[in-house]
Structures are given as structure tokens and as C-alpha cells.
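K.L.:
The chain contents come next:
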Amino acid sequence: DAGITQSPRHKVTETGTPVTLRCHQTENHRYMYWYRQDPGHGLRLIHYSYGVKDTDKGEVSDGYSVSRSKTEDFLLTLESATSSQTSVYFCAISESSRSGNTGELFFGEGSRLTVL
Amino acid sequence: SQQGEEDPQALSIQEGENATMNCSYKTSINNLQWYRQNSGRGLVHLILIRSNEREKHSGRLRVTLDTSKKSSSLLITASRAADTASYFCKETSGSRLTFGEGTQLTVNP
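Chains as they are written, first to last, in the numbering used here: chain A, 19 to 134; chain B, 667 to 775.
Please keep in mind that the hints were generated in silico from the structure rather than gathered at the bench.
Positions of the beta carbon are idealized from the N, C-alpha and C atoms, including for glycine.
Hints may contain errors.
[Said to hold, decoys possible] Think about it this way: if two alpha-carbon atoms lie no more than 27 Å apart in a straight line, the pair counts; the simulated BS3-like pairs of lysine-lysine are: (1) B:Lys736 x A:Lys75; (2) B:Lys692 x A:Lys75; (3) B:Lys692 x B:Lys736.
[Claimed, not checked] Covered by chain A, according to a simulated footprint, are these stretches of chain B (three or more residues, beta-carbon under 8 Å): (4) 695-709; (5) 723-730; (6) 737-747.
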């Protein structure tokens with residue numbers, strides 16, 4: 019199994035509080051991603067990173083920010099959590115190759131966030 | 667949206683039967699991948715098919731790709747109860763890595 023650890027695995031918080039989810043990898047992969055998974059919506063990309071301090075928005079980035087200060091860590095922050103951000107969040111990583119990024123993803127086990 | 671879309675949304679079969687699920691997408695792709703997700707777990711990569719390939723096999727899995735129809739199919743032969751999971755297709759076009767909503771497969775013993 020790819021070395022990907024998400025923390026915390028479960029969190030319950032209140033509306034308006036800040037929340038940070040952490041993704042840690044031991045594979046030295048260049049690309050890291052944050053997805054959220056919701057019934058009826060599948061997996062949607064929030065933000066992704068293509069290197070240290072290099073990040074870009076996905077399709078549902080509003081209300082989220084990310085940071086990547088080290089290759090191994092990718093943080094997802096909800097500055098002021100809302101009930102609509104109740105979801106399961108997945109971190110994923112992929113490696114680059116000489117022929118370009120194939121896009122094969124390795125996933126963490128998910129972080130279940132409940133915002134009351 | 668560029669996301670792949672799986673069909674059917676749910677599929678229930680008996681152990682030993684074959685399961686076929688389909689994926690459609692909207693734009694040109696570099697490759698298309700299939701993933702499995704067991705309940706409460708992260709997704710696991712199953713197989714990748716490149717845009718210049720038409721068919722690929724891996725064990726009991728067979729994937730086809732029809733770029734003229736912008737569609738792909740995943741066939742699981744001789745299904746087992748352990749194949750019960752959600753299956754997702756993911757297209758890769760440029761830097762976008764988008765998923766469909768998945769097919770929930772239930773294999774009854």
C-alpha cells in the first residue's frame with residue numbers, strides 16, 4: 019500500500035470554526051490532491067499541488083485553502099466551516115514520469131468531517 | 667463538466683456471473699482509469715487504458731475504450747462476493763483529474 023496517512027480520520031466541529039486536515043505521504047510523489055466525496059456527487063477535486071508551494075484550484079475550491087511547504091505534507095484548511103462542508107475528504111497522490119503524469123492516483127483512507 | 671459518468675448507478679448479480687459497467691466522458695482524453703472503492707475505504711486503482719488502446723486485460727478484468735463514442739466499459743468475469751464495491755472511471759485530460767459518481771456493484775453469494 020502507498021504510504022499515505024490522513025489525519026484526523028474523524029472530526030466533529032461546529033459551524034464557524036477553523037478546521038485543518040492533513041495528508042502525509044512517504045512516497046516522495048510530486049502531485050497531491052484533495053477530493054471530497056458526497057452522495058449524488060461522486061468525487062470532486064478541491065485543490066491539488068504539483069510541487070512544494072505550487073497549488074491550484076479544482077472544481078469545488080470555494081471555502082477551502084491549501085498549503086504545501088514540504089513534499090510530504092499537503093494541508094487542507096476550512097477557514098470557517100459550514101454545514102455544507104460536511105463530507106468525507108480524501109487525499110491522493112501521484113508520481114510523475116518521464117512521459118508525463120499518467121494520473122494514476124493512490125488514495126488515503128479518508129477523513130470524515132461533520133460540521134454541526 | 668468533464669467528469670466521466672458511470673452506468674448503471676447500481677448493479678446486483680449472483681456470484682459467478684459477469685458484471686459489466688460503462689463509462690462515458692465528454693472531452694478528448696490522455697487515458698482513462700478504473701478504480702474500486704470498498705465501503706468506508708479509499709479508492710484503489712484497478713486498470714489504466716490509454717487513448718490509443720482499444721482493449722486491455724488484467725486478471726478477471728477487461729476494459730474497452732471507444733474514443734469515437736467517448737465511452738469505456740469494465741467487465742468483471744466470474745464475479746465473487748469480494749467484488750462488491752463501488753467502481754469509478756476517471757478520465758485524464760490535461761491537469762484535470764475528474765471522477766464520475768460510480769457504479770455500486772453488489773455480488774450476492
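K.L.:
Now tell me if each hint is right for this structure.
P.N.:
So, going through the hints one by one against the coordinates:
1. As the CA atoms of lysine 736 (chain B) and lysine 75 (chain A) are separated by approximately 26 Å, the hinted pair is consistent with the 27 Å bound.
2. For the proposed pair lysine 692 (chain B) and lysine 75 (chain A), the alpha carbon gap of about 21 Å is at most 27 Å, so the pair holds.
3. Using a Cα cut-off of 27 Å, the hinted pair lysine 692 (chain B) and lysine 736 (chain B) holds, with the two alpha carbons roughly 7 Å apart.
4. With 8 residues having a Cβ less than 8 Å from any Cβ of chain A, the segment 695-709 of chain B passes the three-residue criterion, so the hint holds.
5. Only when three residues or more bring their CB closer than 8 Å to a CB of chain A does the claim for the segment 723-730 of chain B stand; here the count is 0, and the claim is violated.
6. For the segment 737-747 of chain B, the proposed coverage by chain A is not satisfied: 0 residues have a C-beta within less than 8 Å of a C-beta in that chain, short of the threshold of three.
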